[in-house]
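**Student:** Listed below, chain by chain, are the residues.
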Amino acid sequence: MIRYLRMFRMFALSELQFELEYRLNFIFVLLEMVLVVGTSVGAVLIMFAHTTNLNGWTLPQMLVLIGVFYLIQGGNALLFEPSFQRLMEHVRLGTLDYHLLKPVNTQFIVSVRHMRVVRIPDVLLGFIVMGVGLAQLGARVGPLDALLFALALLCGLALVYSLLLVLVTLSFWFVRVENLLTIFWAFTDAGRFPVDLYPGWLRFTLSTVVPIGIAVTAPSQAIASKIGPVEVALLAAGTVVAFTVASAFWRLGLRNYTGASA
Amino acid sequence: MNDPVVRVRDLRKVYRVNERQTGFGATVTSLFRRKFKEVPAVGGITFDIAPGEIVGFLGPNGAGKTTTLKMLSGLLYPTSGEAIVNGDIPWRRRDEFLKTITLLMGNRSQLVWDIPAADSFLVLKEIYTIPDAQYGATLDELTALLELEPLLHKPVRGLSLGERMKVEFAAGLLHSPRIAFLDEPTLGLDVSMQARIRAFVAEYNRRSGATILLTSHYMDDVVALCRRVIVIHHGVLLYDGALADLAERMAPYKRISVTLTTASSARDLSSYGEVASRDEYHATLHVPRREAPERTARLVRELGDGLADISVEDPPIEEVIDKVFTSERPLEAVPA
Chain L
1 MIRYLRMFRM FALSELQFEL EYRLNFIFVL LEMVLVVGTS VGAVLIMFAH TTNLNGWTLP
61 QMLVLIGVFY LIQGGNALLF EPSFQRLMEH VRLGTLDYHL LKPVNTQFIV SVRHMRVVRI
121 PDVLLGFIVM GVGLAQLGAR VGPLDALLFA LALLCGLALV YSLLLVLVTL SFWFVRVENL
181 LTIFWAFTDA GRFPVDLYPG WLRFTLSTVV PIGIAVTAPS QAIASKIGPV EVALLAAGTV
241 VAFTVASAFW RLGLRNYTGA SA
Chain W
1 MNDPVVRVRD LRKVYRVNER QTGFGATVTS LFRRKFKEVP AVGGITFDIA PGEIVGFLGP
61 NGAGKTTTLK MLSGLLYPTS GEAIVNGDIP WRRRDEFLKT ITLLMGNRSQ LVWDIPAADS
121 FLVLKEIYTI PDAQYGATLD ELTALLELEP LLHKPVRGLS LGERMKVEFA AGLLHSPRIA
181 FLDEPTLGLD VSMQARIRAF VAEYNRRSGA TILLTSHYMD DVVALCRRVI VIHHGVLLYD
241 GALADLAERM APYKRISVTL TTASSARDLS SYGEVASRDE YHATLHVPRR EAPERTARLV
301 RELGDGLADI SVEDPPIEEV IDKVFTSERP LEAVPA
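Heads up: the sequence lines are chains L and W, in that order.
Take 1 as the starting number for the first sequence in this note's numbering and just add one per residue.
Take 1 as the starting number for the second sequence in this note's numbering and just add one per residue.
Keep in mind the hints are simulated off the structure, nothing from the lab.
All values reported here derive from a predicted model rather than from experimental measurement.
A few of these clues could be false.
[What the hints assert, rightly or not] Listed below are the simulated SDA-like cross-link pairs for lysine to any residue, each with C-alpha atoms no more than 25 Å apart in a straight line:
1) Lys99/W / Asn25/L
2) Lys99/W / Glu21/L
3) Lys154/W / Ile2/L
4) Lys125/W / Ile2/L
5) Lys323/W / Ala224/W
6) Lys154/W / Glu32/L
7) Lys37/W / Phe174/L
8) Lys125/W / Phe174/L
9) Lys99/W / Arg6/L
10) Lys323/W / Thr284/W
11) Lys154/W / Arg178/W
12) Lys35/W / Tyr257/L
13) Lys323/W / Asp305/W
14) Lys154/W / Phe174/L
15) Lys125/W / Asp97/L
16) Lys154/W / Met10/L
17) Lys99/W / Phe8/L
18) Lys125/W / Trp173/L
19) Lys37/W / Trp173/L
20) Lys35/W / Asn25/L
21) Lys154/W / Pro60/L
22) Lys99/W / Tyr22/L
23) Lys35/W / Phe174/L
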């Protein structure tokens, strides 16, 4: 375990060095994020200029939700997405072989080998927007709420990770799955609003097939004391199941790649 | 012979490939109903390799060389047969096993293009949990042997093909593997860079005692490095033995090149041996190996002043190998 943490640190350091070579790019990314977060906050502000309540969600609560959305999306873009992008490339070019030859869990290395540290501002902005929302709520965030929030956030990240893993594993059979990821990200955008705002069928989709709705809504609800330990425990159980299934599917794909099933 | 580090018994690999007709309609059909064809890549090969050997793996494209290397390094499951490498079954891919091998592919890079090699090396150090002292010593040695100093801190994308290959070698050998599988390591390199890589492989083998299994298209690589060769074609082992014996068995003749002082194309040389080529001043004769000294003496004596130059040599190894590939029947193995 410590070994894996050390490796993780080294991956991050190596990527950080790479990004520092391109400082100008860093500034552009920061600018882009301020614009993106600014417009989505702006949209919510406009909505709430006409109403004070969106199906039970108030403005401060919406701000918390938007903050969590960027936390999750940013966390993903920071940790997993760059590695998965490379994975698909590796499968196409045959360079995945080099990863398979490493004395390390292959799922670990293909998931976090490459990070995009320029995405750290996304996470920070997410925290800021969430903080503003919480301040407006005047909510005292008790230690239990904070704990449940952290747990729900972790589950949210793991849920999105599991789905991404399943999608990229498909590249073992179909080689080119970039467009599938594009569809995924399009769905992800829907997570910017609370999942219970959507009509039934879409709410179902966003909670199960593409669990971004759950992933974003649950932490927001936890920190605003809308859900309690039982719900979070259920969420955690669901996450473990999703992660286990995704890992099993990944191993199946890998077996197919190395010809173990032939 | 020591206990073999590589022990292969009747190793087979059959690929199932999707068979598809050409044309749009067939493409659509194949999305739903796939027809598979079985393609044998390696058809039951058997050999042993002793510690510290450098063995050349020869064969034309599609002979099954890379497939064999991939099975021995654990990347592919065989269809049947056994292999033990460093005392372990490769395709179980245990961490302890993976730490003792390396696979270098001349046509595929493992380094990250955008960052300097030195940074990728640090990541590899962590992955292989190489202790600091050992890492420092190995890197120093590789840097000296491969003259890496000026290359380590440039982004890999800025290196030439030859420079990149040197850095790839260092990356693959940082963890001091006991066995190195080299798949076309000199592919696309110019002649002088090929020679330097070759010199490095020989020196590395001498210093570290690591076993090396090498495939190459370039005969020079094999001639320079390998005393023993394994020839496979269509997945079948055609020859396993000393390189020198291969020449003797496959080409039981020597080649006598003759240069004449006067243009005398009329002169008949067929009484000295089989005339392989002939123009006004030059002739190449093939003569049975054992009779070469006698025939040469006769040529010198009988041509007298008409002879400007004469040389006797083994036929080029390419010619020999080509003969093996066209004969397509296994030769009796000769112990190395």
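**Student:** Against each hint, give a clear statement of whether it holds in the structure.
**Tutor:** Quick rundown of the hints versus the structure:
1. Lys99/W / Asn25/L: 38 Å, violated
2. Lys99/W / Glu21/L: 32 Å, violated
3. Lys154/W / Ile2/L: Violated: lysine 154/W and isoleucine 2/L sit about 31 Å apart, past 25 Å.
4. Lys125/W / Ile2/L: 15 Å, holds
5. Lys323/W / Ala224/W: At roughly 21 Å apart (the allowed maximum being 25 Å), alanine 224/W and lysine 323/W satisfy the hint.
6. Lys154/W / Glu32/L: Violated, because 30 Å separates the two Cα atoms, which is more than 25 Å.
7. Lys37/W / Phe174/L: Satisfied, since the Cα-Cα distance of roughly 19 Å is no more than 25 Å.
8. Lys125/W / Phe174/L: The given pair, whose Cα atoms are some 34 Å apart, is violated under the 25 Å limit.
9. Lys99/W / Arg6/L: 18 Å, holds
10. Lys323/W / Thr284/W: Distance of about 19 Å is within 25 Å: holds.
11. Lys154/W / Arg178/W: Judged against 25 Å, a Cα distance of about 29 Å means the pair is violated.
12. Lys35/W / Tyr257/L: 19 Å, holds
13. Lys323/W / Asp305/W: 36 Å, violated
14. Lys154/W / Phe174/L: 36 Å, violated
15. Lys125/W / Asp97/L: 18 Å, holds
16. Lys154/W / Met10/L: 19 Å, holds
17. Lys99/W / Phe8/L: 19 Å, holds
18. Lys125/W / Trp173/L: 32 Å, violated
19. Lys37/W / Trp173/L: This hinted pair holds, its Cα atoms lying about 17 Å apart.
20. Lys35/W / Asn25/L: 49 Å, violated
21. Lys154/W / Pro60/L: 50 Å, violated
22. Lys99/W / Tyr22/L: Measuring from Cα to Cα gives roughly 35 Å; hence the hint is violated.
23. Lys35/W / Phe174/L: 16 Å, holds
Checked against the numbered hints above, the structure breaks hints 1, 2, 3, 6, 8, 11, 13, 14, 18, 20, 21, 22 and satisfies the rest.
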